Amino acid sequence: MSRYLHSIMVDLQKCEGCATCVNECPMSAIHLPDGKAVVMDERCIDCGQCMGACPQRAIGAVTDTLESLSEHAYKIALLAPSLEVLLDCKSPSGSISSNDLRRAFLNLGFDEVFEVAHAARVVTFIVEKHIEERKRQTPLLTTSCPAALRLVQTRFPGLMTHTARVLSPMEVAARLAKKTAAGKTGLSIGQMGAFFISPCPAKVTEADRPILTERSAVDRVIGIDHIYGTLVGQLAEKGSRKKQPELPDGKEPETGTDRLAQKVKGGGIRRLKVSGIRTVMGLLEEMERGRTVDADLIELHACAGGCLGGPLIPKNPLEKTADVGLLIEKYRRRHGRYDDQYLLNTYRKGTFESTALAGPGPTGRPERDECVVSP
Amino acid sequence: MKINLKSNYLLLGSVNIDSIDLDVTEITLKELVRIISSRSTTSASLEYLNSDETKLQPVFEVHVNGRILDLCEKGVDTILTDGDTVDFYLEPPYGG
Numbered sequence: 001m002s003r004y005l006h007s008i009m010v011d012l013q014k015c016e017g018c019a020t021c022v023n024e025c026p027m028s029a030i031h032l033p034d035g036k037a038v039v040m041d042e043r044c045i046d047c048g049q050c051m052g053a054c055p056q057r058a059i060g061a062v063t064d065t066l067e068s069l070s071e072h073a074y075k076i077a078l079l080a081p082s083l084e085v086l087l088d089c090k091s092p093s094g095s096i097s098s099n100d101l102r103r104a105f106l107n108l109g110f111d112e113v114f115e116v117a118h119a120a121r122v123v124t125f126i127v128e129k130h131i132e133e134r135k136r137q138t139p140l141l142t143t144s145c146p147a148a149l150r151l152v153q154t155r156f157p158g159l160m161t162h163t164a165r166v167l168s169p170m171e172v173a174a175r176l177a178k179k180t181a182a183g184k185t186g187l188s189i190g191q192m193g194a195f196f197i198s199p200c201p202a203k204v205t206e207a208d209r210p211i212l213t214e215r216s217a218v219d220r221v222i223g224i225d226h227i228y229g230t231l232v233g234q235l236a237e238k239g240s241r242k243k244q245p246e247l248p249d250g251k252e253p254e255t256g257t258d259r260l261a262q263k264v265k266g267g268g269i270r271r272l273k274v275s276g277i278r279t280v281m282g283l284l285e286e287m288e289r290g291r292t293v294d295a296d297l298i299e300l301h302a303c304a305g306g307c308l309g310g311p312l313i314p315k316n317p318l319e320k321t322a323d324v325g326l327l328i329e330k331y332r333r334r335h336g337r338y339d340d341q342y343l344l345n346t347y348r349k350g351t352f353e354s355t356a357l358a359g360p361g362p363t364g365r366p367e368r369d370e371c372v373v374s375p
Numbered sequence: 001m002k003i004n005l006k007s008n009y010l011l012l013g014s015v016n017i018d019s020i021d022l023d024v025t026e027i028t029l030k031e032l033v034r035i036i037s038s039r040s041t042t043s044a045s046l047e048y049l050n051s052d053e054t055k056l057q058p059v060f061e062v063h064v065n066g067r068i069l070d071l072c073e074k075g076v077d078t079i080l081t082d083g084d085t086v087d088f089y090l091e092p093p094y095g096g
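These protein sequence lines are chains D and W, in that order. Residue numbers for the first sequence follow my numbering, so the first one is 1 and each next one is one higher. Residue numbers for the second sequence follow my numbering, so the first one is 1 and each next one is one higher.
The hints are simulated quantities; they were obtained by calculation from the structure and are not laboratory data. One or more hints might be untrue.
Said to hold, decoys possible - The list that follows gives simulated cross-link-like pairs (lysine-lysine, DSS-like), each with its CA atoms no further than 30 Å apart:
hint, chain 1, residue 1, chain 2, residue 2
1, W, Lys6, W, Lys30
2, D, Lys320, W, Lys2
3, D, Lys135, W, Lys30
4, D, Lys36, D, Lys315
5, W, Lys2, W, Lys74
6, D, Lys315, D, Lys135
7, D, Lys135, D, Lys179
8, D, Lys14, D, Lys315
9, D, Lys36, W, Lys6
10, D, Lys135, W, Lys2
11, D, Lys179, D, Lys14
12, D, Lys315, D, Lys129
13, D, Lys320, D, Lys90
14, W, Lys30, W, Lys55
15, W, Lys55, W, Lys6
16, W, Lys74, W, Lys6
17, W, Lys74, W, Lys30
18, D, Lys129, W, Lys55
19, D, Lys320, W, Lys55
20, D, Lys349, W, Lys6
21, D, Lys315, D, Lys349
22, W, Lys74, W, Lys55
23, D, Lys90, W, Lys74
24, W, Lys55, W, Lys2
25, D, Lys90, D, Lys315
26, D, Lys179, D, Lys129
27, D, Lys315, W, Lys74
In this text the structure is predicted, and so the values were computed from the model without any measurement.
Using the sequences and the hints, build the whole thing.
Structure below.
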C-alpha cells in the first residue's frame with residue numbers, strides 16, 4: 001500500500017494564503033479553501049514549481065532519510081546524473097573521480113554506488129530500437145521525467161500512445177544494480193535496498209506509485225538536498241589535493257543521448273529536447289491539436305534545463321562553474337558500462353519494456369509514514 | 001540592437017550576461033552563438049554548433065522568445081532583432 005500519493009506537501013503553519021503557488025502551479029492543482037494552500041491529489045504531478053515560488057517556503061517535498069538504510073542488508077545508492085554534475089561543480093578541482101564519489105557514499109552507509117547514467121544508456125538503446133522498428137507511434141515521448149509523464153497521463157491522456165513503453169532510467173538502474181549486486185554478494189534481491197538520490201519530488205512519487213510498472217524496484221528516494229552538504233564536505237578534502245581535473249581516457253566517446261544521428265533505415269533519429277513545464281505543455285497542446293512535430297523522439301523535462309533545475313538541487317550548479325566546457329567533455333568521454341551486444345541482448349529479451357496499463361492514479365490520501373520534508 | 005539572454009550556466013565562461021548589445025539591426029542565432037563562443041573564457045572549447053553548423057549540439061536547448069529553437073522554421077538561421085530573448089539551457093548528457 002502506498003505510504004503517500006504525492007511528495008509535495010504544504011506546511012499549513014507556514015502558509016499565509018498568499019496564493020503565489022496557485023498562480024504558479026501549471027496544473028491548477030492548488031486551491032485555498034480555508035485561506036491555506038491545499039494540493040489536489042488528482043491534479044498534482046509533483047513538478048515542484050510551487051516549492052520555489054512560495055515566499056514563505058511553506059511547500060516542500062517529502063523524501064526518505066538515511067535512517068531507512070537500516071531496513072536493508074545491502075544498500076545501493078543510485079546516483080542521478082544531475083548529482084554528479086552538482087558535485088563536480090562544487091569540487092575545488094572542478095571534477096571528482098568515480099572512486100571519490102564511491103568512497104563518499106560508502107561513508108554515508110551505502111555498500112555500493114550505481115550511476116543511473118548507465119541505465120539511461122540502456123533505455124536510450126531500447127527506445128531507439130522501438131523507433132527503428134516502428135513499434136510505437138512517433139514522435140515518441142521519453143519517460144525519464146515522471147512529472148512530464150504524469151502530465152501527459154493526467155492532462156493529455158490521448159498522447160499516452162506516444163510514450164515510449166520502456167521503464168525509466170531510475171527504474172532500470174534499480175533492477176540492474178540489484179541483480180548485479182545479488183550475483184556478486186550471494187544475497188537475495190529481496191535483501192537489496194535501492195536508494196535513488198533524487199533531484200526532484202516527482203521521482204519520490206514515481207517510486208511509490210509508478211506509472212509504467214506495477215511495482216517499483218526503487219525502495220527509497222532520498223532528496224539530494226538532504227545529503228548534499230555532507231557529500232560536499234567529504235569531497236572537498238579529496239578534491240583539494242588535485243592540481244588538474246582528470247578526464248577519463250576517452251578513446252571512445254560515450255554513446256547515448258549525446259551521440260550524433262543514429263541510422264534508422266537510411267535516416268537519422270531526430271531528437272527534440274523540451275524542458276520547462278509550460279514549454280512542455282505548450283508543445284503537448286499543439287500535438288493534441290494535431291500539429292505534426294518533425295521529430296522521432298521528444299525528450300521532455302518538467303524543469304527548465306533538465307534535472308539540473310530540479311527543485312531538490314540546492315542551487316543551479318552551473319551558474320558558478322567557470323569551465324563548463326571541460327565538464328561536458330568529461331561526460332562525453334565517459335565509457336559506457338554495457339557494450340552494444342549486451343544492449344542488444346537486453347532489448348531482445350524485452351527485460352525493461354513496460355507492460356503496465358498506464359491508467360489514472362488512485363485518489364484518496366492514505367496514512368503517511370514519518371519522512372523528511374524539504375522546504 | 002540588444003538581445004536579451006538567459007541561461008543556466010555562465011555564458012562567457014567566468015561571468016554571465018543577461019543581454020548583449022550588437023552593432024547590427026538583425027543577426028541569426030548561429031551568428032549570435034559564434035559571438036558568445038568567441039567571448040567565452042572556458043578552457044575547453046564549448047562548441048555550440050555541430051560539425052556542419054546546421055544545428056546546435058545536443059547538450060544545448062535554446063528557446064527564442066519562448067519558442068523551442070528546433071521547432072522554429074529556420075532553426076539556427078532564425079533571425080533575431082532588437083528586444084528578442086534567447087534562453088540557453090545546457091544539459092549534460094543523460095541529464096536526469
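- Task: Would you check the hint for Lys179(D) and Lys129(D), treating anything up to 30 Å between C-alpha atoms as holding?
- Result: At roughly 24 Å apart (the allowed maximum being 30 Å), Lys129(D) and Lys179(D) satisfy the hint.
- Task: Starting from Lys14(D), check that the Cα of Lys315(D) is at most 30 Å away, please.
- Result: Given pair Lys14(D), Lys315(D) holds - Cα atoms ~22 Å apart, limit 30 Å.
- Task: Please work out if Lys6(W) and Lys30(W) have their alpha carbons no farther apart than 30 Å.
- Result: holds, 16 Å
- Query: Is the hinted pair Lys90(D) and Lys74(W) satisfied, with a Cα-Cα distance of at most 30 Å?
  - Reply: violated, 38 Å
- Please work out if Lys315(D) and Lys135(D) have their alpha carbons no farther apart than 30 Å. violated, 40 Å
- Query: When you check the alpha-carbon spacing of Lys74(W) and Lys55(W), does it fall within 30 Å?
  - Reply: holds, 10 Å
- Message: Does Lys315(D) sit within 30 Å of Lys36(D), going by the straight-line distance between their CA atoms?
- Response: holds, 28 Å
- Query: Hey, Lys349(D) versus Lys6(W), does the alpha-carbon distance stay inside 30 Å?
  - Reply: violated, 44 Å
- Holds or violated: Lys129(D) with Lys55(W), Cα cutoff 30 Å? Given that 30 Å is the threshold and the Cα spacing comes to 24 Å, the pair holds.
- Query: Is the hinted pair Lys315(D) and Lys349(D) satisfied, with a Cα-Cα distance of at most 30 Å?
  - Reply: Given pair Lys315(D), Lys349(D) is violated - Cα atoms ~41 Å apart, limit 30 Å.
- Query: Has the given pair, Lys320(D) with Lys90(D), been kept, meaning a C-alpha gap of at most 30 Å?
  - Reply: holds, 9 Å
- Message: What's the verdict on Lys320(D) and Lys55(W), does the C-alpha distance respect the 30 Å limit or exceed it?
- Response: holds, 27 Å
Checked against the numbered hints given earlier, the structure breaks hints 3, 6, 9, 10, 11, 12, 20, 21, 23, 27 and satisfies all the rest.
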